[in-house]
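Protein chains in written order, with my numbering: chain A, 322 to 967; chain B, 89 to 334; chain C, 46 to 265.
Rather than coming from a laboratory, the hints here were simulated on the basis of the structure. Mixed in with the good hints, there may be bad ones.
[To be verified] When the alpha-carbon atoms are kept at most 20 Å apart in a straight line, the in silico EDC-like pairs for lysine to aspartate or glutamate are as follows:
(1) Lys521(A) / Glu806(A)
(2) Lys379(A) / Glu791(A)
(3) Lys711(A) / Asp166(B)
(4) Lys235(B) / Asp446(A)
(5) Lys136(B) / Asp118(B)
(6) Lys136(B) / Asp816(A)
(7) Lys696(A) / Glu239(B)
(8) Lys618(A) / Asp921(A)
(9) Lys950(A) / Glu813(A)
(10) Lys136(B) / Asp642(A)
(11) Lys210(B) / Glu296(B)
(12) Lys136(B) / Glu915(A)
(13) Lys138(C) / Asp118(B)
(14) Lys711(A) / Glu296(B)
(15) Lys48(C) / Glu296(B)
(16) Lys173(C) / Asp188(C)
(17) Lys327(A) / Glu740(A)
(18) Lys696(A) / Glu236(B)
(19) Lys625(A) / Asp642(A)
(20) Lys505(A) / Asp204(B)
(21) Lys138(C) / Glu183(B)
(22) Lys961(A) / Glu923(A)
(23) Lys711(A) / Glu130(B)
(24) Lys198(C) / Glu88(C)
(25) Lys628(A) / Asp118(B)
(26) Lys136(B) / Asp828(A)
(27) Lys853(A) / Glu916(A)
(28) Lys863(A) / Glu813(A)
(29) Lys867(A) / Glu130(B)
(30) Lys173(C) / Glu107(C)
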Amino acid sequence: MELNSKIPSGPLEQKWTQYRAHQHLVSPANKRKLEIIVVGTGLAGASAAATLGELGFKVKVFCFQDSPRRAHSIAAQGGINAAKNYPNDGDSIYRLFYDTIKGGDYRAREANVYRLAEVSNCIIDQCVAQGVPFAREYSGYLENRSFGGAQVSRTFYARGQTGQQLLLGAYGALSHQIHLGNVKLFPRTEMLNLVVIDGKARGIITRNLVTGELERHFGHAVVLATGGYGNVFFLSTNAMGSNGSAAMQAYRKGAYFGNPCYTQIHPTCIPVHGDYQSKLTLMSESLRNDGRIWVPKDKEVAEKLRKGLLKPTDVKEEDRDYYLERRYPAFGNLVPRDVASRAAKERCDAGYGVGSTGLAVYLDFSDAIKRLGRKVIEERYGNLFQMYEKITAENPYETPMMIYPATHYTMGGLWVDYELMTTIPGLYAIGEANFSDHGANRLGASALMQGLADGYFILPYTIQNYLAHEIRTPSFSTEMSEFAEAEREARERIDAIFAVNGNHSVDSFHKRLGHIMWDYVGMARNREGLTKAIELIRALRKEYWKDVYVPGSPYEFNPELEKALRVADFLELGELMAIDALHREESCGGHFREEYQTPDGEALRNDEQFAYVAAWEYKGQDQAPMLHKEPLHFESIEVKQRNYKE
Amino acid sequence: MDFTLKIWRQENAKAKGRFETYHVTNISPDCSFLEMLDQLNEQLIQQKQMPICFDHDCREGICGMCSLYINGRPHGNDTGVTTCQLHMRRFKDGETIWIEPWRAKAFPVIRDLVVDRSAFDKIIQAGGYISVSTGGVPDANAIPIPKEKAELAMDAAQCIGCGACVAACKNASAMLFVAAKVSHLALLPQGQVEAKRRVKAMVAKMDELGFGNCTNTGACEAECPKEIKITNIARMNREFYKASLT
Amino acid sequence: MAKFFNSSIGKKLMMALMGLFLAVFLVVHLSINLLVLKNDGGESYQKAVEFMTSNVLIKIMEVFLFGSFALHIIYGIILQIQNWLARPVRYVKTNHSQTSFFSKYMIHTGLIIFIFLIIHFMNFYFVKLGWVAIPEGATHRHDFYNMVINLFKNPFYSWLYIIFMVLMGFHLHHAIQSAFQTMGWNHPIYTPIVKFIGVAYAILIPLGFAFIPFYVLYFF
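All chains should be built: construct the whole structure from the sequences, respecting the hints.
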């Protein structure tokens with residue numbers, strides 16, 4: 322199938338306006354007849370479900386958590402970008418667009434990103450109207466702060482809990498629609514399969530996580546807002562339940578998977594400290610505004626620090642290597658995430674790492690405290706410092722924090738066109754679940770922007786362009802054979818997992834997969850490692866289906882079964898990521914191939930051969946997927962080597 | 089570190105529950121309470137037993153999914169944390185730890201330590217929002233809001249809906265949860281328009297769902313992982329009088 | 046309005062308002078009681094008693110007072126039953142949360158005060174109404190002075206009275222600040238003052254009441 326990104330013609334600035342002016346709409350009377358399924362209640366899902374409900378569609382919304390408010394968007398700390406230019410520091414829609422494209426290492430679609438920058442301002446207006454308590458100046462006007470990858474202050478924030486406040490805003494809007502009866506909520510319900518009828522997405526099969534019953538749901542269109550798949554690494558900043566299963570179900574049904582290898586490794590996380598560890602805690606990127614990152618200049622000093630013979634505060638200023646400031650004078654500690662993460666890895670690999678494992682660098686606030694006073698630092702980062710202290714039992718006001726990169730976000734996801742529709746007609750993917758706007762690396766405070774842009778302002782328009790042709794389609798009976806067949810597939814998968822009845826827990830396999838992914842498909846990748854990873858994952862998958870043990874039965878509340886189904890999908894997704902990473906013989910953004918770097922260790926893109934989106938088509942279990950290429954054309958931006966040095 | 093655990097086990101909502109005793113050994117003091125339970129579950133799976141069900145998700149103290157009434161305190165013996173942020177270094181080696189689910193009529197047990205908190209969603213659905221539709225709103229800077237007000241609103245808005253307030257309250261009252269949302273929105277000019285309708289609807293829903301009454305005991309405030317203050321309850325009371333009596 | 050008084054907050058407001066009214070009444074009651082100690086053979090005390098039993102305004106207030114008692118007790122019991130019902134399965138481990146200690150026992154101290162109230166009425170108010178026979182030593186139905194002295198000469202009665210006063214102090218300790226909180230008066234500057242006054246009140250008023258039997262018993 323030829324990939325059609327459906328990018329509207331005309332000048333970049335006019336595309337979205339023109340699209341909306343000419344798209345098909347659905348009349349109010351017809352909206353009432355059309356049913357839409359939304360899976361996931363994070364920023365994208367909740368905002369989409371609420372907005373579609375407001376418009377008058379009949380919406381069903383699903384989440385695996387006990388409440389829509391728990392979706393992992395809630396954990397986003399730092400902020401949300403918008404091109405408001407309130408601080409008058411030279412920001413504009415174009416600059417936000419430009420920074421996002423450049424930050425994504427020229428691997429995102431221009432038209433999508435420009436649209437994102439355009440609607441960014443509406444998001445802030447909307448959220449303020451909903452009562453999101455953004456930080457304010459004494460004047461009463463909104464405050465901004467700066468974030469990685471930008472030279473302007475365009476990030477709006479609500480202490481260190483911006484994601485929470487934005488999600489609660491969307492959750493409020495969703496709750497309102499539930500109250501009005503426009504949206505029906507299904508909490509503790511997980512999607513297990515997609516129903517495709519005559520080539521169009523027409524419904525889903527779900528499992529009621531409390532009773533274990535499988536249920537069938539019809540929709541004229543299905544929207545996946547199911548987040549990213551960072552948990553393929555086992556240890557990540559994602560929530561324990563975050564998974565890639567809905568995307569994999571869609572992929573197996575014919576939706577192409579876009580750029581699966583683009584993974585964001587976040588530079589400022591609390592380092593790993595033991596095998597029992599279940600997740601990694603992110604410390605907001607905003608900390609890099611005032612914190613300075615360093616390791617000792619001398620390997621022996623590093624050794625002493627690792628053994629605890631020396632305290633970091635004992636290391637003299639001239640013996641410290643502020644390596645980001647040294648390497649990237651223009652952006653310093655505020656370089657994009659991929660750059661900061663790789664630089665930390667480079668130092669640690671070279672033997673300068675600190676902490677008991679040697680896999681940590683310092684993030685030091687002593688200068689900032691001297692300059693601004695403890696009170697200001699407390700106001701800005703108090704809750705983050707407190708969180709750090711609770712976890713590590715160290716006081717970051719007195720001793721530098723220790724940080725190390727961790728998997729955080731997946732730029733890859735289901736391939737979607739300009740309308741956010743996947744290659745299955747009627748199936749949409751929004752938010753982190755799609756691949757669209759961040760290219761090979763996402764800038765800080767852009768995930769919240771994208772999730773809400775998709776949900777509030779883009780999907781509610783573009784979905785009508787499809788549904789306008791569906792007004793004569795009646796609500797299908799879920800007794801149809803396609804529903805029965807999809808349910809049978811889901812049931813067989815569950816039965817197959819119980820049939821294994823092996824000896825090892827789901828988590829033990831997940832951890833092993835995580836190690837393979839981190840070692841070979843992590844921050845730095847190479848041909849040999851990736852080839853090995855593919856073999857290892859295949860072998861592990863085989864072992865999984867022979868030796869996994871899931872206690873209990875399918876017809877009860879059974880978290881082990883939930884995990885088992887998700888890990889089964891991760892075992893396929895991990896391989897797909899490695900395949901994509903192996904095929905992309907260049908370094909770009911979060912994808913760093915050791916074979917392709919500049920002499921001073923920067924990512925070396927190959928625009929001649931790889932300026933495209935890799936969209937993978939499923940060809941069957943244990944079959945190699947098929948690559949489709951969507952070429953990227955840059956008309957409004959000059960493609961350059963990313964430079965954060967000057 | 090070694091611990092003896094007394095954990096509430098209950099197969100489903102209708103089953104009769106009981107306490108079971110478990111032992112865990114060699115637990116790192118740096119490990120979180122939930123990671124300790126993970127290790128116990130790994131043991132149980134090895135023995136082909138059903139692991140202990142408990143709610144959890146983000147494991148960084150913000151999703152509000154984790155619960156657990158540990159040795160007589162929701163989220164355990166630390167202040168301003170959720171169970172996922174509680175570390176084993178807070179316990180004594182060899183200690184016996186009692187783990188119970190949230191207990192409230194409005195929070196029925198689903199399985200083991202997992203309870204149904206959808207009552208909170210229902211309270212929010214009754215009016216815990218500003219009924220603004222997408223689009224057609226003024227510029228974000230059109231209404232300046234005094235910083236102090238915005239900060240107070242944020243203090244209240246931090247609620248993660250975990251239910252520790254209900255669990256801690258001797259009356260299983262949801263006043264702090266409801267007050268946090270009422271306060272957050274009542275403090276902002278955007279929220280004023282619907283303030284009266286909102287507080288009446290939310291309080292009525294809270295009463296209907298079988299939560300207890302507030303006796304100003306302050307256990308909620310003491311156990312709230314986000315340290316939300318009972319001044320918000322006083323504010324809600326004011327809002328309620330304003331709405332009902334004027 | 047009916048909705049308001051049926052709501053949890055409405056009921057709580059009634060509790061608070063009635064409670065505060067009762068607390069104010071205690072001051073009046075105490076100031077009269079203290080006249081017993083005036084060394085004039087009960088003349089001033091008896092005068093005050095006569096005023097209180099005959100004045101029309103006081104008669105009207107009396108109706109309010111009894112109404113308040115009744116409502117405070119009835120609402121208190123209704124709220125408590127609802128509170129118990131809100132947690133059908135109790136915890137095994139007792140709660141260790143940091144809380145205001147006395148607030149946990151309001152229903153208990155309240156019920157004890159109620160028992161005291163019945164005894165108190167048997168001894169005085171019902172005598173006045175003629176429902177109960179005039180006790181030995183008193184000359185007539187309004188001879189409260191001699192009734193008081195005779196009762197307080199009994200160490201058992203006096204000490205029971207003193208214990209009741211301590212428990213009333215416990216009740217009041219939480220009551221004042223709680224009433225203000227329920228009325229929605231919580232302010233960063235004034236609430237600490239209210240709390241201080243509440244505690245002082247909870248100590249001074251019962252102390253004043255308890256001082257009388259103590260004095261009668263040992264120094265009269």
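Ascending list of hint numbers which this structure does not respect: Violated hints: 5, 9, 10, 12, 13, 14, 23; rest satisfied.
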